[in-house]
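Visitor: Chain residues, written in single-letter form:
2 protein chains.
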Amino acid sequence: MNEIPVTERTKVRRLAERGRYERQEVYDIIDEALVSHVSVVEEGRPLVLPTLHVRRGDLLYIHGSPANALLRAARDRSDVCVAITILDGLVLARSGFHHSVNYRSAVVFGRADEVNDLEEKQAALDAIVDHVAPGRLPFLRPMTEKDIKGTLVLSVPLEEASAKVRTGMPKDEPEDYDLPIWAGVLPVGVQRYQPLSDPKNLPGVTVPQHVLDWRNKQTN
Amino acid sequence: MNEIPVTERTKVRRLAERGRYERQEVYDIIDEALVSHVSVVEEGRPLVLPTLHVRRGDLLYIHGSPANALLRAARDRSDVCVAITILDGLVLARSGFHHSVNYRSAVVFGRADEVNDLEEKQAALDAIVDHVAPGRLPFLRPMTEKDIKGTLVLSVPLEEASAKVRTGMPKDEPEDYDLPIWAGVLPVGVQRYQPLSDPKNLPGVTVPQHVLDWRNKQTN
Chain B
1204 MNEIPVTERT
1214 KVRRLAERGR
1224 YERQEVYDII
1234 DEALVSHVSV
1244 VEEGRPLVLP
1254 TLHVRRGDLL
1264 YIHGSPANAL
1274 LRAARDRSDV
1284 CVAITILDGL
1294 VLARSGFHHS
1304 VNYRSAVVFG
1314 RADEVNDLEE
1324 KQAALDAIVD
1334 HVAPGRLPFL
1344 RPMTEKDIKG
1354 TLVLSVPLEE
1364 ASAKVRTGMP
1374 KDEPEDYDLP
1384 IWAGVLPVGV
1394 QRYQPLSDPK
1404 NLPGVTVPQH
1414 VLDWRNKQTN
Chain P
1204 MNEIPVTERT
1214 KVRRLAERGR
1224 YERQEVYDII
1234 DEALVSHVSV
1244 VEEGRPLVLP
1254 TLHVRRGDLL
1264 YIHGSPANAL
1274 LRAARDRSDV
1284 CVAITILDGL
1294 VLARSGFHHS
1304 VNYRSAVVFG
1314 RADEVNDLEE
1324 KQAALDAIVD
1334 HVAPGRLPFL
1344 RPMTEKDIKG
1354 TLVLSVPLEE
1364 ASAKVRTGMP
1374 KDEPEDYDLP
1384 IWAGVLPVGV
1394 QRYQPLSDPK
1404 NLPGVTVPQH
1414 VLDWRNKQTN
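Same order as they appear, the protein sequences are chains B and P.
So for the first sequence, this note's numbering puts the first residue at 1204; every next one is plus one.
So for the second sequence, this note's numbering puts the first residue at 1204; every next one is plus one.
There could be a bad hint or two in this list.
Identical chains blur together in the list; that is why a pair holds if it fits in one copy or across any two.
What the hints assert, rightly or not - The list that follows gives simulated cross-link-like pairs (lysine-lysine, DSS-like), each with its CA atoms no further than 25 Å apart:
(1) K1352 - K1374
(2) K1349 - K1374
(3) K1374 - K1214
(4) K1403 - K1349
Hint data in this document are derived by calculation from the structure and do not stem from the laboratory.
Based on the provided sequences and hints, a complete structural model is requested.
Guide: Spelled out as structure tokens, the structure:
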């Protein structure tokens, strides 16, 4: 067991039984999700935008253009909150009130540091590519110093984080179980379709195995 | 054409050609997505959490338990930012640098008002159920006043909002198009699996048609 210490902000109060503080369980959610939502305070008001992320060890990396207003605000003002959410199913209860969703959701609080060390920055960028497109890195044109300098990378330590998870069937009012209403769960996940080849690919270049392999994955 | 007036906050500056201000285009993203991420400023620091939403006319509704800390902060402090993101594909370029995702993303800024009028509140809650589970409402145990009072509903006017959209193939460096690297797009969407029936359903109650119908939808 390796729990992330619970703080005032990470303690799940509402439906406390859904709270998760085990480090590996939080990390598994972060690692599975492709998209995260990063929020900052900008001139006293909230701002939240989606981004791609990756975890390396106990650091969460997010990246974008050096012109990205959110990342610049995060770098300058430091305090960020990152939400990472995976939808697992629709919970179809006998009343509207008890309709819900099954989900795994992680939230991270921390201060964002700009990654300036070229080696760490390249490793983080490679990891982001490998997170979005597993196994693809060895087939790409290698990263140049211009590429690395053309990207803003921030790291957030995974020191203040927790997760919230809902699984299973609807929880209806006791008397509603006597109603002849079908209830259950509709599981949902990420669907991968057939890859579309760039018309500008050189003749004879076909869809590589690493891309075909993703279609066979049935995880989120 | 019905554009949402562009403000300092909603103007897409980075990759401005991806900006969308047409009201219907922003609304279509909000209507298609199930999950939204709501952020508030809490004691000077950012907080963002996922929630379910629905749009009715020019209002965005979000809801949760009256004990939900985020919603309470939103109600008390008013300023919220809501991000609604749909992932459409992985953009697989010839370099790591140009890897990206195709997406449709809406962002809404505004002040959250608590909905206290019972009729509007019930209509909003019904609309949220219908958004998550289209066509299911007529088959449910009707909503009670206790249900309505047991939920906190906030509305945010859709007056300051915009969207950002990426579509299409990778945009690689000119010289990289000469490399024999496969590039393209892997389209992704929401996968709906077989419904799981609640073991507590009454005998003879089978999966209704409205639930079976969702499986045939291939949209996000």
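Visitor: Now tell me, hint by hint, if it's right for this structure.
Guide: For each hint, the structure was consulted:
1. K1352 - K1374: between (52 Å within a copy, 18 Å between copies)
2. K1349 - K1374: between (54 Å within a copy, 16 Å between copies)
3. K1374 - K1214: within (23 Å within a copy, 43 Å between copies)
4. K1403 - K1349: within (24 Å within a copy, 60 Å between copies)
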